[in-house]
Each structure stands twice: as C-alpha cells, then as structure tokens.
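Protein sequences appear in the order of chains E and F. So the first sequence is residues 2 to 196, counted in this note's numbering. So the second sequence is residues 2 to 196, counted in this note's numbering.
Hints are computed from structural coordinates only; laboratory data are not their basis. Owing to the predicted nature of the structure, the values given are computational and were not obtained by experimental measurement. Some clues are possibly wrong.
To be verified - Rough simulated footprint, nothing fancy, chain F against chain E, three-plus residues with beta-carbon under 8 Å:
id : region
1  : 50-58
2  : 113-120
3  : 159-167
Cβ coordinates follow ideal geometry from the N, Cα and C atoms, glycine included.
There are 2 protein chains.
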Amino acid sequence: MESNKRPGGRSARVRDAVRQATLAELAEHGYRGLTVENVAERSGVHKTTVYRRWGSVAGLISDALELAREEPWPIPDTGSIEGDLRGIVQLVRSGFDDPELGPVSSAFVAAAVQDPDAARALHEFFTARHEQSAEVVRRAVARGELPDVVDVREVIRVAVAPVYYRLFVAHEPVTERDADRAADAALAAARAGVL
Amino acid sequence: MESNKRPGGRSARVRDAVRQATLAELAEHGYRGLTVENVAERSGVHKTTVYRRWGSVAGLISDALELAREEPWPIPDTGSIEGDLRGIVQLVRSGFDDPELGPVSSAFVAAAVQDPDAARALHEFFTARHEQSAEVVRRAVARGELPDVVDVREVIRVAVAPVYYRLFVAHEPVTERDADRAADAALAAARAGVL
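Here chain E stands alone, though its shape is the one from the complex:
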C-alpha cells in the first residue's frame, strides 16, 4: 500500500536517485557535460520519467541544489569572530579546490548565470547559507566583539564575496592568504560600523 507521494516511498526514492546521479554527473563532467540521458542512465530511472518530472538539465540542477541546501554546513566555532570568519571563508575556498565538490559547486554557479530556474534555486541556497553563517556574527555580538547594529548577513556576504569574485568573475587564483584577508576586511568594516 505504498503511495507514490509519501516521503520515503517510491517517488522519494526515485527523486533521491536522480538527485544523487545529477551530483555525480556534475562532479565528473561539469555543467557543460550534464545531460538528462546520462542522469537517467546513472540513476536507473527511465528517461521519460526524468523528462516528465525534471523537464531539463536546469530542472535537475535546481533539484540537486535543494538537496545541497539541506546538507549541514559546518559553521566554525573558534571562540573569536576573527577565527570564525576566516574559517567560513576558508571553507568556501577549499570547497572549490576539492576535486569532487569543486566541479559541482562551480556547475551550480555556471548553471545559474544561464538559466533563471537555476538562478532562483541558487538564490535560495545562498539565502539559507547566509542565514546559517550569520550565526558566527550573532555570537560575536553576544560576546561584545561587534556592535549590535551590525548587519549580520552583510558581514558574511562581504567576507566571502572576494573569493567568488576571483573564481567566477576575474578568473584569478585564490590563495589561503587571499581568503584570510577577505575575512579580515569584512571584520574591519564591521568593527568600523560600516556594515
């Protein structure tokens, strides 16, 4: 008496298989190499089903992004805002450097600049990510390290932005020092009351 719609039922298993296959295909072949056919074959789900439920490559990416959004993001807790912010920016940097995770994350960015559905999904992803990461700024305010008028999400944006800017706009390498400096710059601005 299994329902197709029940969480954990057949429908959910199909969805999970397709999302995992999308992530694996992105890791191996990137956004340009992603096809509905390959995802169908890898997931063992019929191509017609994938087309009907996900529509296109952009639909697959949007759904995989939803899965990525639900995954825990290990917010650092070093005891100081300097350490926490540096930790977050280094996580971003090392994530793109990771041979498995890097291509997937880059594929999400590439898809979103091409396709409005993927852009909406990536926007949701970053909204969640900013909200989670802002916890380190809230803790700093509670400890008296930063003024309580600080825009907690904007501190996160300003801290991570230079890493993304180098990777996806100026196409420059990002060193560990670049990442630390980006974190320190956001912190200096927050301390100065600009953010």
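Following the hints, position chain F against chain E.
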C-alpha cells in the same frame, strides 16, 4: 596596394565589423542567443570567414572583450578616496543596470564560466580594469589618506566584489546603498591596515 594585415586595412575593418556585431547581438539576445550565423549576417562578413578567423562563439566573445578592454573607463576623481571608491562601485552597479551595456557585460561573465578561452579574455579584461581603477587608491596614498603599504588592486577587488557576488552568485538585487556600503567596507579595511 592595401594590405590585409595593415591596421585600418580590410582585415581590420572586417574585424571591427564582427566585433561590433558581436556586441550588438549580445545586447539584444544575450550569451545564450549568440550564434556565429547571426554575427556573420549582422556584420555582413561571410560565415565561412567568421568561422575561420573566430572559430566559435567563445572566440567572438574573447575578441569583443579585447575591444571592451581598450575602451576608456571613466575613473572618478572626486578629491577623496571615499568619493572615488563609491564612484567606481556605482559605475559597476549602474553598468549592469543599463539596458544596453548590462546584457553585454552579463554575457561576458556567463561565457567565461563556460569556456576557458572566454575566461582568459575576461581575466585580461579585469587585470586591466583593476590596474586602471587602482589609480584612485594611489592618489589617496599620495594625499596621505591611506598608508603607502596598501595593496592598491586588492582595495578595488574588495570594493567591487560584493556587487558581482550579489548579481552572479547569490542572485540578489543590488541597491545604490549596497554599492556604497561595499565601497565603504573596502575603505574601512584599507584604513585598518588589512588590505
């Protein structure tokens, strides 16, 4: 006795026509709508010639970027580093808001996350742009507004990065206030000796 290779000769005129046509097509149809066929038709240059000399859409974009790189970029000179940095970040913001320029600039970013040749061309473009913009920071150092150890290009990167991050990564709107705040944050970091 006109040479095909001489600047201003037939070859240069063909190149200019193709580059202008590429920019016009990008403005109208964006990166996804750019085709060698449309550029050939618009420029009045034979399709075979365009394929032979530019190879592909990525080749067309890389060449158009070279043209964009040569165009003067109106570096502000307001008399203060605060005004100059805000001016630069507002130029970036309003450029993407511009109905003609915006789609072209967005197309460059989109092409570069897809294609290594376009990425190299965009890298060159931003290297030139950073170098030109850094002049406002050098002037500030000369006026004694900033310490002379400041990394002049990094101040520019940190100032503009949040605008690009919102537009092309988090897919969020960018207000004038967001742009001013990004400029002010970079300046606060530079003043604190972080950059």
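Against the structure, the hints come out as follows:
Restraint check on the region 50-58 of chain E versus chain F: 0 residues with Cβ-Cβ distances below 8 Å, three needed, restraint violated. Given as covered by chain F, the region 113-120 of chain E passes the check, having 4 residues with a CB less than 8 Å from a CB of that chain where 3 are the minimum. Using a Cβ-Cβ cut-off of 8 Å, 7 residues of the region 159-167 of chain E lie near chain F, which meets the minimum of three, so the contact claim holds.
Checked against the numbered hints given earlier, the structure breaks only hint 1 and satisfies all the rest.
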